[in-house]
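A.B. asks: Can you make the complete structure from the sequences, with help from the hints?
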Amino acid sequence: MNYKQSKILLLFSVLTLVGCNFSQGVVAKPPQQHDLQTTPSVLPTQRNTSNSATLLTYKIETYDSQAMGASRTYGVSLPPGYEQNPKQRYPVIFLLHGGHGSPSDWFNQNKGKALKTVEQLYTTGKLPPSIIITPDGNDKRGSSPYRDPAYIDGPNGKVSTAVGDELVKVVQSRYRTLTNPDFWAIGGLSSGGWGAINVGLHNVDHFSILFSHSGYFRDKSGPANSPIFYIKTIPLQAQKRLRIYLDSGTSDIEEIDEAERFTKVLNKLKIQNSFRQFPGSHTWQYWREHLADSLTFVGEQFRASKIARRADNLSVNHQNNTQNN
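With the first letter of the sequence shown counted as 1, position 296 gets the number 296 in my numbering; the numbers rise by one all the way through.
Everything labelled a hint here was simulated from the structure, so no lab data went into it. There could be a bad hint or two in this list.
[As the list claims (entries may be wrong)] List of simulated lysine-lysine pairs, DSS-like, C-alpha gap at most 25 Å:
1. LYS220 <-> LYS158
2. LYS169 <-> LYS140
3. LYS113 <-> LYS59
4. LYS220 <-> LYS169
5. LYS220 <-> LYS268
6. LYS268 <-> LYS240
7. LYS116 <-> LYS59
8. LYS59 <-> LYS140
9. LYS232 <-> LYS140
10. LYS264 <-> LYS232
11. LYS232 <-> LYS158
12. LYS158 <-> LYS169
For clarity, every value in this text was computed on a predicted model and none was experimentally measured.
C.D. replies: See the structure below:
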């Protein structure tokens with residue numbers, strides 16, 4: 001058997017084994033302590049019990065932002081078992097708010113109610129336990145009902161840098177994160193949906209998974225902050241790593257048109273993407289109902305990256321053993 005045949009057999013074995021552990025609706029057994037110590041980069045798993053997910057918390061933290069020249073806030077929800085598993089590292093999800101919003105919107109009981117959604121996804125195994133961050137997307141002018149947040153580096157502050165680079169490094173320094181961008185996702189709603197795609201594309205060294213609910217993809221500030229144009233300028237290798245999820249309510253005609261145009265560009269560039277339409281409009285009810293769809297997509301990408309990295313590691317080990325023998 002030649003080396004190429006051996007590699008194919010190894011890859012098939014890994015896909016079969018891990019696929020069994022992560023098939024939809026089935027939750028893999030929690031890692032044992034020795035596994036956590038020897039393989040800290042492996043995705044955490046979640047017990048399928050009603051009690052485990054109730055350990056979730058959400059709180060607002062602050063940090064000093066050089067990019068914005070001021071103290072900034074962000075929200076954080078740590079996964080169940082975070083304190084009990086000090087050797088475990090976790091994937092990260094950024095959730096951006098929309099117009100006249102704040103870092104707490106996604107977890108506010110009158111708005112996003114994300115804690116309930118995330119609990120359900122952990123319990124059903126559709127999302128590996130993750131560190132969830134809700135940044136402040138407002139510029140130096142603050143929040144206003146008369147304008148959308150400007151998720152750009154513009155005259156009112158370097159918001160794109162503050163969210164997509166500076167806050168990433170703060171999170172990496174404060175929490176046990178996986179560092180590979182294949183385990184980092186960024187998404188949002190409405191102007192935060194545009195913001196997530198825009199910030200993500202300007203920071204492809206940090207994020208590989210991007211998602212948008214009811215977002216748009218052309219900004220009045222110009223092509224540099226319009227994903228439908230800017231995505232064509234990023235390096236080919238970064239394009240190949242990207243996985244993008246979009247959805248819009250059927251009553252949001254303009255947003256659907258925007259998403260369809262963006263999808264055509266993504267398909268032409270051969271970037272992996274999913275665009276879905278659901279009944280609904282530009283409301284918190286719609287975003288609450290479909291956060292589970294985007295986060296399920298995120299979970300699928302996390303698991304696919306885990307499988308690919310395991311296969312690569314096995315292949316490298318096998319090649320080294322072959323050369324040594």
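A.B. asks: Work down the list of hints and note, for each, if the structure agrees.
C.D. replies: Quick rundown of the hints versus the structure:
About 17 Å separates the Cα atoms of LYS220 and LYS158, which keeps this hinted pair within 25 Å; it holds. For the proposed pair LYS169 and LYS140, the alpha carbon gap of about 21 Å is at most 25 Å, so the pair holds. Between LYS113 and LYS59 the CA atoms are separated by roughly 14 Å; this keeps the pair inside 25 Å, and the hint holds. Using a Cα cut-off of 25 Å, the hinted pair LYS220 and LYS169 is violated, with the two alpha carbons roughly 29 Å apart.
A hinted pair counts as satisfied when its Cα atoms are at most 25 Å apart, and LYS220 with LYS268 qualifies at roughly 24 Å. A distance of roughly 12 Å separates the Cα atoms of LYS268 and LYS240; the hinted pair therefore holds under the 25 Å criterion. Straight-line distance between C-alpha atoms of LYS116 and LYS59 comes to about 15 Å, which keeps the hinted pair within the 25 Å bound. Distance check on the hinted pair: LYS59 and LYS140 sit about 23 Å apart at the alpha-carbon level, within 25 Å; holds.
Taken as a hint, the LYS232 and LYS140 pair is broken in the structure, with Cα atoms around 30 Å apart against an allowance of 25 Å. Under the criterion of a C-alpha separation no larger than 25 Å, the hint pairing LYS264 with LYS232 is consistent with the structure, at around 12 Å. Between LYS232 and LYS158 the CA atoms are separated by roughly 22 Å; this keeps the pair inside 25 Å, and the hint holds. Between LYS158 and LYS169 the alpha-carbon distance is near 15 Å, which keeps this suggested pair within the 25 Å criterion.
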